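S.K.: Chain F with the ligands: place on chain Z using the hints.
2 protein chains.
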Amino acid sequence: MANKQEFWGQKTYCLITGASKGIGRNFAIEFSRKFASNSLIVLLARSEEGLLETKNLISKANPKVKIVIHPIDLGKPDPELFLKVIQSSLENTGVKPTDFELSIIVHNVGSVGDVSEGTFKMSNVTKWQDYFTLNVFSVACLNSQFLKVFPEGSCKRRTVINVTSLAAVKPLKSMGYYCSGKAARQMFFKVLAEENPTLDVLNYSPGPVDTDMVAEVVSNTEDAEIKEMFVNLKESKNILTVDQTTKRIIDLLESGKYENGQRVDYYDE
Amino acid sequence: MANKQEFWGQKTYCLITGASKGIGRNFAIEFSRKFASNSLIVLLARSEEGLLETKNLISKANPKVKIVIHPIDLGKPDPELFLKVIQSSLENTGVKPTDFELSIIVHNVGSVGDVSEGTFKMSNVTKWQDYFTLNVFSVACLNSQFLKVFPEGSCKRRTVINVTSLAAVKPLKSMGYYCSGKAARQMFFKVLAEENPTLDVLNYSPGPVDTDMVAEVVSNTEDAEIKEMFVNLKESKNILTVDQTTKRIIDLLESGKYENGQRVDYYDE
Ligand SMILES: NC(=O)c1ccc[n+]([C@@H]2O[C@H](COP(=O)([O-])OP(=O)(O)OC[C@H]3O[C@@H](n4cnc5c(N)ncnc54)[C@H](OP(=O)(O)O)[C@@H]3O)[C@@H](O)[C@H]2O)c1
Ligand SMILES: NC(=O)c1ccc[n+]([C@@H]2O[C@H](COP(=O)([O-])OP(=O)(O)OC[C@H]3O[C@@H](n4cnc5c(N)ncnc54)[C@H](OP(=O)(O)O)[C@@H]3O)[C@@H](O)[C@H]2O)c1
Chain Z
440 MANKQEFWGQ
450 KTYCLITGAS
460 KGIGRNFAIE
470 FSRKFASNSL
480 IVLLARSEEG
490 LLETKNLISK
500 ANPKVKIVIH
510 PIDLGKPDPE
520 LFLKVIQSSL
530 ENTGVKPTDF
540 ELSIIVHNVG
550 SVGDVSEGTF
560 KMSNVTKWQD
570 YFTLNVFSVA
580 CLNSQFLKVF
590 PEGSCKRRTV
600 INVTSLAAVK
610 PLKSMGYYCS
620 GKAARQMFFK
630 VLAEENPTLD
640 VLNYSPGPVD
650 TDMVAEVVSN
660 TEDAEIKEMF
670 VNLKESKNIL
680 TVDQTTKRII
690 DLLESGKYEN
700 GQRVDYYDE
Chain F
440 MANKQEFWGQ
450 KTYCLITGAS
460 KGIGRNFAIE
470 FSRKFASNSL
480 IVLLARSEEG
490 LLETKNLISK
500 ANPKVKIVIH
510 PIDLGKPDPE
520 LFLKVIQSSL
530 ENTGVKPTDF
540 ELSIIVHNVG
550 SVGDVSEGTF
560 KMSNVTKWQD
570 YFTLNVFSVA
580 CLNSQFLKVF
590 PEGSCKRRTV
600 INVTSLAAVK
610 PLKSMGYYCS
620 GKAARQMFFK
630 VLAEENPTLD
640 VLNYSPGPVD
650 TDMVAEVVSN
660 TEDAEIKEMF
670 VNLKESKNIL
680 TVDQTTKRII
690 DLLESGKYEN
700 GQRVDYYDE
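Each protein sequence line maps, in turn, to chains Z and F. When the letters of the first sequence are read in order and numbered with this note's numbering, they come out as residues 440 to 708. When the letters of the second sequence are read in order and numbered with this note's numbering, they come out as residues 440 to 708.
So that you can see chain Z by itself, here it is in the shape it has in the complex (with noise of 0.2 Å):
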């Protein structure tokens, strides 16, 4: 897509959902250290005080980056709200949506759902309806609203970001809620890229990274393989820390080299 010196550097628009902490903090941490002064860049997560945590980290790898934060649940999602939420940072912080030269909309923010039951117990309709209200619906309803506030020509270039996982493309045992809502979410993000070629859409599999959900998974799954891999992954220092993973993303932004819509995982060549 953009080339190397396209990318970073602009004055950027953020938002970052899940920034309370893990992928989404560093994404917040080390994207704005790219940014140019006077970009705004937004917090979303429940925790106000992973929030404001991660807020503090962002304003002493850049001081000169305008940073709102907006503790909200997202498995609530109101598209008024929504909407509100984006305006008011752009209100509260006195700019407007063709200040910028970059939008960008990272959709970080998931839950792992239950581990603890097979797909063949899944018979429970309410805990289908809010995993996936969290993990898709509320997604694509910020998504929306977010292209409401910057439609085309807003800005030189609009990229949404969505992090999806392997579990997207392969089934693992013990995690057919996760496994499901992933594939879900990451053909929606195709469909958006699909329908709207001046959009710049990029489905990111971050690979196994250190974080509370890795730990979730270990101490509640029923299947003793998947835990088994995991607890390798991390005795074998082989799980991914989060600067990691937030440096292939960064690169892989800066490189461009992606179709819109694409899947690419930190281990693609």
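Heads up, a few of these hints could be off.
Unchecked claim - 20 Å max Cα-Cα, derived DMTMM-like pairs, lysine to aspartate or glutamate:
(1) 609/F <-> 698/Z
(2) 473/F <-> 690/F
(3) 515/F <-> 569/Z
(4) 473/Z <-> 538/Z
(5) 686/Z <-> 662/Z
(6) 566/Z <-> 690/F
(7) 587/F <-> 538/Z
(8) 587/F <-> 540/F
(9) 587/F <-> 492/Z
No lab work stands behind these hints, which were simulated from the structure alone. Just so you know, these numbers come straight off a predicted model, no measurement behind them.
M.R.: Just chain F with the ligands, lined up with the frame of chain Z:
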């Protein structure tokens, strides 16, 4: 999996969803033709009229098969009701799960969703929930109840067929709900297969088939290219008949040439 002698000709319990018309009806008729005497076929969909017509056609194709129809809205899944539907189909015909050599569930039900809006407008969470409840969550719920009635060891072979689509692997413009729903559903059945090596799970993609669903896409899609694609398929007679795709899956089940959980498309070698 099975060899030629094994799959067809057995005493079979077979439940098919979306059996009131289209692909589901034809599967029901042609599968029944191949079942041993006293097999039982259970047909679900909303239209009682449609189910009765399918029942009539099955009676002509194989008078030795017992037929149960049950009009039901699968968009309002209820695990208790699903269990009762399956159990009563056995009780009312005086049989037990262990009376059968083969049990089959065909998850054929499907809807195309709203194709009149692009993904960037898909912010209505209730619409998402309704679509996924019918096309994914209800399917998982019914599947789980089916496997409760037919647990491991209840019959020689248990076959789970999911009717998937090209849309599960290829993004199609204006079909955001359909593509993401099919991707989620196909992945769910892959996880099921991964977790349960004693099940026989097939993701069958029927190719483009001349049914009401295709007519609905042609009438309602907001995308001119997608409309043209389907119109051309029809005009050039390259669209498949229900008989063609049914023959393909019958041969596939007979040959057993697929891995557990594999996706097989009509056009695959
Ligand atoms: N770690 C891996 O190995 C791995 C591999 C592949 C893909 N991924 C994906 O990477 C993304 C980030 O995962 P991670 O490993 O960094 O996990 P994590 O440490 O558990 O972080 C998840 C983030 O999502 C937020 N979140 C969860 N539920 C939320 C809700 N209801 N409302 C708002 N925010 C919510 C959390 O914040 P609050 O709790 O403060 O709300 C947190 O900021 C996910 O999409 C995950 O699927 C991770
Ligand atoms: N036609 C194609 O080109 C094509 C291609 C790939 C995959 N497929 C898949 O093949 C399957 C069958 O599609 P088709 O083309 O035969 O479509 P169709 O003619 O529209 O048949 C759909 C079936 O699903 C039933 N159904 C729909 N909503 C329902 C509900 N709420 N509750 C219960 N039953 C419901 C319908 O019955 P009632 O209306 O009576 O309820 C009907 O029996 C679907 O999964 C579809 O996605 C089709």
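S.K.: Each hint should be assessed against the structure and marked as holding or not.
M.R.: Verification of the supplied hints:
A C-alpha spacing of about 14 Å is found between residue 609/F and residue 698/Z, which places the hinted pair at or below 20 Å, so the restraint holds. Distance restraint check for residue 473/F and residue 690/F: the Cα-Cα separation of roughly 11 Å lies within the 20 Å cut-off, and the hinted pair is therefore satisfied. Between residue 515/F and residue 569/Z, the direct Cα distance comes to roughly 16 Å. Compliance with the 20 Å bound is thereby established for this hinted pair. With a C-alpha separation of about 18 Å, the suggested pair residue 473/Z and residue 538/Z falls inside the 20 Å cut-off, and the hint holds.
Annotation: proposed proximity of residue 686/Z to residue 662/Z is violated, straight-line Cα distance about 32 Å (limit 20 Å). For the proposed pair residue 566/Z and residue 690/F, the alpha carbon gap of about 38 Å is over 20 Å, so the pair is violated. A distance of roughly 59 Å separates the Cα atoms of residue 587/F and residue 538/Z; the hinted pair therefore is violated under the 20 Å criterion. The straight-line distance between the Cα atoms of residue 587/F and residue 540/F is roughly 17 Å, inside the 20 Å bound, and the hint therefore holds.
Restraint check for residue 587/F and residue 492/Z: not satisfied, since their Cα atoms lie roughly 48 Å apart, outside the 20 Å limit.
Hints 5, 6, 7, 9 from the earlier list are contradicted by this structure; the remaining hints agree with it.
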